[in-house]
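Trainee: For reference, the chains in residue letters:
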Amino acid sequence: MTVFEKPQALTEAPLHYCPGCTHGIIHRLVAEAIDELGIRGRTIGVASVGCSVFSYNYFNCDMVQAAHGRAPAVATGVKRSDPNNIVFTYQGDGDLAAIGTAETVHSAGRRENITVIFVNNAIYGMTGGQMAPTTLPGQVTQTSPYGRDVTKVGYPIKVCELLSNVDGAAYLERVAVNNVQNIKKAKKAIKKAFQNQIEGKGFSLIEVVSTCPTNWGMAPDKALNWLEENMLPYYPLGVYKDITAEEEK
Amino acid sequence: MQKQILITGFGGQGILFSGKFLAYDGLLKGKELSWLPSYGPEMRGGTANCSVILSDEPVGSPIVLNPDILISMNVPSLDKYENETVVGGQIFYDSSLIDREVTRKDVEVYPIPATQMASDENLPGLANMILIGHVMAKTGLLSLEDADVVLAKMVPAKKAHLIDSNKKALELGFNY
Amino acid sequence: MADKVLMKGNEALAEAAIMAGCRHYFGYPITPQTEVAAYMSKRMPKVDGVFLQAESEIAAINMVIGVSSTGKRVMTSSSSPGISLKSEGLSYLAGCDLPALVVNVQRGGPGLGGIQPSQSDYFHATRGAGHGDFHMIVLAPNSVQEMVNLTFKGFDLADKYRMTSMLLADGTMGQMMEPVSLDQGVVNTYEKPWALTGTKCERKPNIVNSLLMDPETLERLNFERFERYAQIERDEVMYEEYLMDDAEYCVVAFGVAARVSKNAIDEARNNGIKVGMIRPITLWPFPKAVLNAAADKVKAFISVELSMGQMVEDVELATRCKKPVLLCNRVGGMIPTTKNVLDSINKAVEIGGAE
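Residue numbers (the working numbering), protein chains in the order written: chain D, 18 to 266; chain A, 5 to 180; chain F, 2 to 356.
Hints listed in this document are in silico derivations from the structure and should not be mistaken for laboratory results.
We put the CB at the ideal spot given by N, CA and C, even for glycine.
Check the hints yourself; a few may be wrong.
[As the list claims (entries may be wrong)] One-sided excerpt, in silico: chain D residues whose CB lies under 7 Å from chain F:
{"#": "1", "residue": "Arg87"}
{"#": "2", "residue": "Ala115"}
{"#": "3", "residue": "Ile116"}
{"#": "4", "residue": "Glu120"}
[What the hints assert, rightly or not] Here chain F is said to cover these stretches of chain D; the calculated rule only asks that three of the stretch's residues, wherever they fall, bring their Cβ under 8 Å from a Cβ of chain F:
{"#": "5", "segment": "200-208"}
{"#": "6", "segment": "240-250"}
[Stated by the list, open to error] Under the rule of at most 30 Å between Cα atoms (straight-line distance), these lysine-lysine pairs were calculated in the DSS-like manner:
{"#": "7", "chain 1": "A", "residue 1": "Lys142", "chain 2": "A", "residue 2": "Lys163"}
{"#": "8", "chain 1": "F", "residue 1": "Lys205", "chain 2": "F", "residue 2": "Lys5"}
{"#": "9", "chain 1": "F", "residue 1": "Lys205", "chain 2": "D", "residue 2": "Lys205"}
{"#": "10", "chain 1": "F", "residue 1": "Lys5", "chain 2": "A", "residue 2": "Lys84"}
{"#": "11", "chain 1": "A", "residue 1": "Lys35", "chain 2": "F", "residue 2": "Lys340"}
{"#": "12", "chain 1": "A", "residue 1": "Lys157", "chain 2": "A", "residue 2": "Lys7"}
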């Protein structure tokens with residue numbers, strides 16, 4: 018009989034996330050991957066700035082907290098210090114796709130052998146719901162109160178599509194955590210992103226499309242529906258690059 | 005005893021290398037010394053100068069404003085530094101590039117057609133070392149034997165083939 | 002002097018860093034410190050070290066944070082505009098109590114400024130290297146030899162006190178060559194139980210962090226950090242005195258300004274003026290005590306700087322304004338001449354004791 022237990026790679030600290038927030042699921046998926054690969058003792062995580070800033074309290078491994086957007090640069094230092102380290106960053110959309118765009122693109126370009134978990138919920142959560150680089154056209158936020166007007170502020174950044182043109186990137190997949198089936202796929206992708214690092218394949222990024230019920234102003238179940246109806250058409254799920262698959266061919 | 009030397013000209017004439025050559029001799033002789041280049045991308049093709057101070061005492065300011073020895077490889081630098089040279093100082097210049105005479109009467113003046121000589125003797129790019137050879141002869145800063153030791157020390161192994169031509173240039177200037 | 006070699010300041014400090022055990026360097030090209038990066042790119046692979054040219058100064062300092070958090074010696078270098086970009090990381094290094102060596106080979110500013118030597122980042126280094134309450138140990142070399150000595154010292158103090166050491170040089174120090182001895186003897190090593198080395202599943206996770214949401218905790222940590230700073234101010238002040246025994250006037254200068262000042266002092270002495278110099282080697286901690294003591298003996302101070310007058314404020318503070326403090330300065334990449342300094346000394350003599 019299998020007992021559903023908390024992964025070893027999560028601490029006992031209670032998560033601070035809002036009710037219905039999908040960060041908890043994603044934390045668990047990352048922790049399960051670390052456990053299953055038996056790498057917890059040599060894993061060093063890099064927390065970013067945003068709702069997941071406290072992830073250093075939740076992952077049961079050595080952690081460093083990076084400045085806004087700089088997680089991939091900090092991770093680069095940690096990884097280059099000892100390539101035997103398994104290094105991951107856990108970043109949101111404001112952190113990774115706005116203030117940290119350069120660090121993201123260049124760590125991919127350098128083929129930095131790290132794993133990036135990128136949580137895209139189309140809004141700045143921690144600061145209370147402002148427009149993110151991934152906020153959808155027309156989407157209302159605190160700083161786009163009339164809806165994101167693409168004629169004035171332009172279009173969202175599609176991170177997987179963008180990075181798929183970067184030669185140094187090894188594996189890019191966009192997943193979602195809005196239903197059981199997608200959560201399973203997300204788990205598989207996250208585990209592969211760590212496996213790639215163990216095998217020295219280079220830069221892996223998993224974009225996890227997720228919800229922010231609080232700042233979207235929706236009940237959690239409605240938020241899941243909104244994700245499916247609005248985000249997935251704009252951010253199609255799937256593998257955007259996979260050099261391991263190309264190698265297998 | 006202290007010698008303040010200023011080597012000036014255009015970028016690409018080997019100004020900094022000439023200074024380095026004199027500095028290395030100072031190093032090998034256990035002297036106190038400093039070598040300070042003008043620097044930056046605008047030096048390429050622009051003016052270049054190099055301050056070298058050789059001294060028995062620790063060197064204070066590494067910047068040479070009033071040289072004991074001025075070595076000039078273009079007109080603008082001679083125009084600029086002729087009057088800055090100390091009374092009783094020595095001015096060396098490449099007379100194939102500078103078509104005017106030094107007007108100061110209170111300094112020793114040593115023109116030498118270094119660029120023409122380098123061209124005649126098939127020593128491309130070594131006018132600077134011909135000038136330095138002449139400086140060696142007139143100042144007694146170092147002998148040709150010293151120069152051999154310096155070149156052996158400062159020229160990297162993969163460029164060892166350049167030592168002979170440098171020696172030849174120094175000798176030409178020395179014996180001019 | 003067989004053990005001495007002729008090296009540029011930038012290259013000498015890079016080699017010194019390697020000899021001090023630094024195997025990780027992250028940089029970005031900017032005049033007049035680019036030789037550091039170029040040298041490291043050649044040397045690091047030969048000592049199994051890491052050289053990485055970052056996409057920006059910001060990325061470079063954050064890579065430094067990454068390596069430092071794992072407990073290893075690490076450095077970055079830049080020049081003034083690049084140091085501005087690193088300011089964010091300098092604050093995080095302080096907040097995380099991480100050791101690092103950061104080199105600033107200063108050029109004239111503000112903005113893009115110029116590329117010629119300057120000391121106008123004095124305030125930045127000693128006061129405002131980033132947001133929040135913190136200090137860096139600021140070391141000011143005035144020779145290629147000191148570029149080497151203070152690189153060793155900088156790494157040592159950084160590890161000892163878990164903070165950033167900044168080598169605050171100027172373009173002259175970076176670009177000039179002088180005979181230099183690289184050997185500095187035994188290099189101290191420090192236990193770093195806080196370092197991120199992987200738990201090996203044998204200990205609780207280490208966390209390197211500067212975020213503290215509880216104001217009482219954050220206040221306590223700030224006070225604790227400043228207790229450490231107070232200890233540094235007691236124990237680590239470095240300065241050099243020149244002809245101060247009978248001095249009636251005191252020049253205060255560091256870096257290339259101190260080199261020029263020495264010439265001026267020698268000339269002034271030939272003219273019968275009893276002038277000496279106190280040369281701060283640590284700009285933070287600033288040699289307050291020796292200056293305050295000097296203020297009871299001399300008639301006036303002359304602060305010689307390549308800035309619009311930054312250290313002069315520290316001289317006034319240290320001496321409690323007991324005696325006049327004159328400023329002798331050139332800026333924008335210009336360096337005070339011996340004559341500039343002499344003129345200021347003569348001016349000090351004119352007004353000496355007048356107040």
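Trainee: At a threshold of 7 Å, is the proposed contact between alanine 115 (chain D) and chain F supported by beta-carbon distances?
Mentor: Violated - the Cβ of alanine 115 (chain D) stays beyond 7 Å from chain F, reaching only about 14 Å at its closest.
Trainee: So if I understand the rule, the pair passes when the alpha-carbon distance is 30 Å or less; does lysine 142 (chain A) with lysine 163 (chain A) pass?
Mentor: holds (29 Å)
Trainee: Quick one, is the arginine 87 (chain D) hint okay against chain F at 7 Å, beta carbons?
Mentor: With Cβ-Cβ at 4 Å, under 7 Å, it holds.
Trainee: Going straight from one Cα to the other, do lysine 205 (chain F) and lysine 5 (chain F) come out at no more than 30 Å?
Mentor: Not OK: lysine 205 (chain F) and lysine 5 (chain F) at ~48 Å, beyond 30 Å, violated.
Trainee: Closer than 8 Å, Cβ to Cβ, for at least three residues: run that test on the segment 200-208 of chain D against chain F and report holds or violated.
Mentor: With 0 residues closer than 8 Å to chain F, the segment 200-208 of chain D misses the three-residue bar; violated.
Trainee: For the hint on glutamate 120 (chain D), just tell me whether its beta-carbon gets within less than 7 Å of chain F.
Mentor: holds (6 Å)
Trainee: Do the alpha carbons of lysine 205 (chain F) and lysine 205 (chain D) lie within 30 Å of each other, as the hint requires?
Mentor: holds (28 Å)
Trainee: Identify whether the interface hint at isoleucine 116 (chain D) stands, where standing means a beta carbon of chain F within less than 7 Å of its own.
Mentor: violated (10 Å)
Trainee: For the pair supplied as a hint, lysine 157 (chain A) and lysine 7 (chain A), is the alpha-carbon distance within the 30 Å limit?
Mentor: holds (22 Å)
Trainee: At a Cβ distance under 8 Å, does chain F reach at least three residues of the segment 240-250 of chain D?
Mentor: It is violated: at least three residues are needed, and the segment 240-250 of chain D offers just 0 whose Cβ sits closer than 8 Å to chain F.
Trainee: Next pair to validate is lysine 35 (chain A) with lysine 340 (chain F); report whether the Cα-Cα distance is within 30 Å.
Mentor: It holds: about 26 Å lies between the C-alpha atoms, which stays within 30 Å.
Trainee: Taken at face value, is the distance from the CA of lysine 84 (chain A) to the CA of lysine 5 (chain F) at most 30 Å?
Mentor: violated (35 Å)
Violated hints, in rising order: 2, 3, 5, 6, 8 and 10; the structure is consistent with all others.
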